[in-house]
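Line by line, the protein sequences are chains A and B.
If you use this note's numbering, the first sequence closes out at 166, no skipped numbers anywhere.
If you use this note's numbering, the second sequence closes out at 567, no skipped numbers anywhere.
Check before you lean on any hint, since a few could be wrong.
[Said to hold, decoys possible] Lysine-lysine pairs mimicking BS3-like chemistry, simulated, CA-CA at most 27 angstroms apart:
(1) B:Lys301 / B:Lys220
(2) A:Lys17 / B:Lys328
(3) B:Lys193 / B:Lys430
(4) A:Lys17 / B:Lys347
In case anyone wonders, no lab produced these hints; they're calculated from the structure.
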Amino acid sequence: MSTSTQSAASIQRLQHKRQTLDDAYSPPANFLEIDVCNPETHGVNKDRYTDYEVRMRTNLPVFRLKESSVRRRYSEFEWLRGELERDSKIVVPKLPGKALRLQLPFRGGGDGRFDDEFIEERRRGLEDFINKVTGHPLAQNEKCLHMFLQEQTVDRGYVPGKVRTT
Amino acid sequence: FFGLVSQGAEIDIVLDGQESRKTAELKLEDGRKERLPLYYDGETVSGKVNILVKKSGTKLEHQGIKIEFVGQIDLYFDRGNRHEFVSMVRELARPGILTQGVCYGFEFVNVEKPYESYSGANVRLRYYLRVTVVKRLSDLVKEQDICVHTLAQYPDLNSSIKMEVGIEDCLHIEFEYNKSKYHLKDVIVGKIFFLLVRIKIRHMEVQIIRRELAGSGPAALNESETLAKFEIMDGAPVRGESIPIRLFLSGYDLTPSMRDVNKKFSVKYYLNLVLVDEEERRYFKQQEITLFRRAEKRRRPIANSYIEQAIFHHRTAQFGQQQQPTTRAQQQQSQATPPLTTPEDAAAAAISPGRHGDANNSAADSPELESGSTHVSPALPAARSAPGIKDVLGEDDDDNY
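Same shape as in the complex, but just chain A (with noise of 0.2 angstroms):
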């Protein structure tokens, strides 16, 4: 490239703080896992229905538990993203497919949507999403996310608003 005729002098780095040996080795305080597993059928023929454990670890302030497991169903993030999508000003990611098909009689092949392979498959979108969105500081502090998450049963009745950090 160009030769130059600054100095040395000119381009050094700026003076700046030495960080802390707390805040270099403290755990970050962005930590946040949230894992959809353990997908459980319930109930039997027509009136089937699968759900998942949402199990969170956090700690981030916004949540008033730093350790949080509840089971919800399809429907249920359903829900929340509808939510979402009302109050909140982000853009809400999708969710995996209804699977309409599989319900149909005889289409699909195997147990429809209560094949292994299609909850996995969609075990593994409602994983994303749920991370997506919580992850996102513009929906962090939404209470339909807070209930969703570390509520025992969604109250579909709530108050819509934002949470302040505790």
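Given the structure of chain A, go ahead and fit chain B onto it with the hints provided.
Here is chain B on its own, set in the frame of chain A:
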């Protein structure tokens, strides 16, 4: 309808001193790049116009021949809108008849060139000479563009930019850039300090963005272009970490900032700091900076001519060969030196006579003086090789990651 016209005559514009004049590259309207002779404000534009009658024996009857020096702004989206801010004309010949080739000299003495040449997305500012041979039915026209650079003084006040920005409770950073005004070969030195990191950052980069605003009012067109992307951090930072920035501007195709040129257009530059998290979400902060063109310190024509003389004499003394003296061309160029406007240039000019005095002596003493090109001037400080990546990383011993 420019250039060569089939009606029997070829017009050629030859500028004075073109062999020794610096050139600059400018983009044409169709995207091609053209190398044009470089002029500065106040410099005389002079040369010769050669008109050659193509078929010998034919007569070219004309109503007069003139040459114009024009500076104009073209707004691409408004074809009819060509604004001439400089327009000077010289009559070369009265109405008459040309039977053979003819040559006219012209001189636009100390002509004003208030703005820098600019070729952008929606607007162009150009300077050109136009020769017109007026004829009854259609004129013969030939144009020759030149390139103009404007030089600016190093600003007296050049404060740093320091700001704390972020998203409440998620990300707080403090960024700092060492100056607010940079010259085109400058270095941006800065740092990003992390105060709060509750998101999962994957990498951080700095971009240089040019924003061109053409026209005014409701019809104004805004065009943004990202000229550079430079990654400054890879991985997840934590609180208390400082990330250094060192961005060399000479590697990029930049122009000076232009503010409301002739009330027609503006060109602004921004530094864009972008953080990207694990989910590809982008967090950014744009900050305007001012770019200006400083007079170049190297290749001072006056100093060069002395050096060249010294080396020339040394060569002839040692090898006894006749060599084409380049000194005369150098001296012509020194008279066309651009006006030195910065205080540093004035100081450098004062220092150089002393320095090439030394060169004279050493030329006579040691045959090892010129190793390489004859443009080596001892007045140059030791050239610093272009730093690569290794100069940005690992310079301090207190890197924490």
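Each hint tested on the structure:
Restraint check: the Cα-Cα separation between Lys301 of chain B and Lys220 of chain B comes to about 16 angstroms, which is no more than 27 angstroms; the hinted pair holds. Proposed proximity of Lys17 of chain A and Lys328 of chain B is supported: the alpha carbons are some 15 angstroms apart, at most 27 angstroms. Distance hint between Lys193 of chain B and Lys430 of chain B is fulfilled; the C-alpha atoms sit about 19 angstroms from each other, no more than 27 angstroms. The straight-line distance between the Cα atoms of Lys17 of chain A and Lys347 of chain B is roughly 25 angstroms, inside the 27 angstroms bound, and the hint therefore holds.
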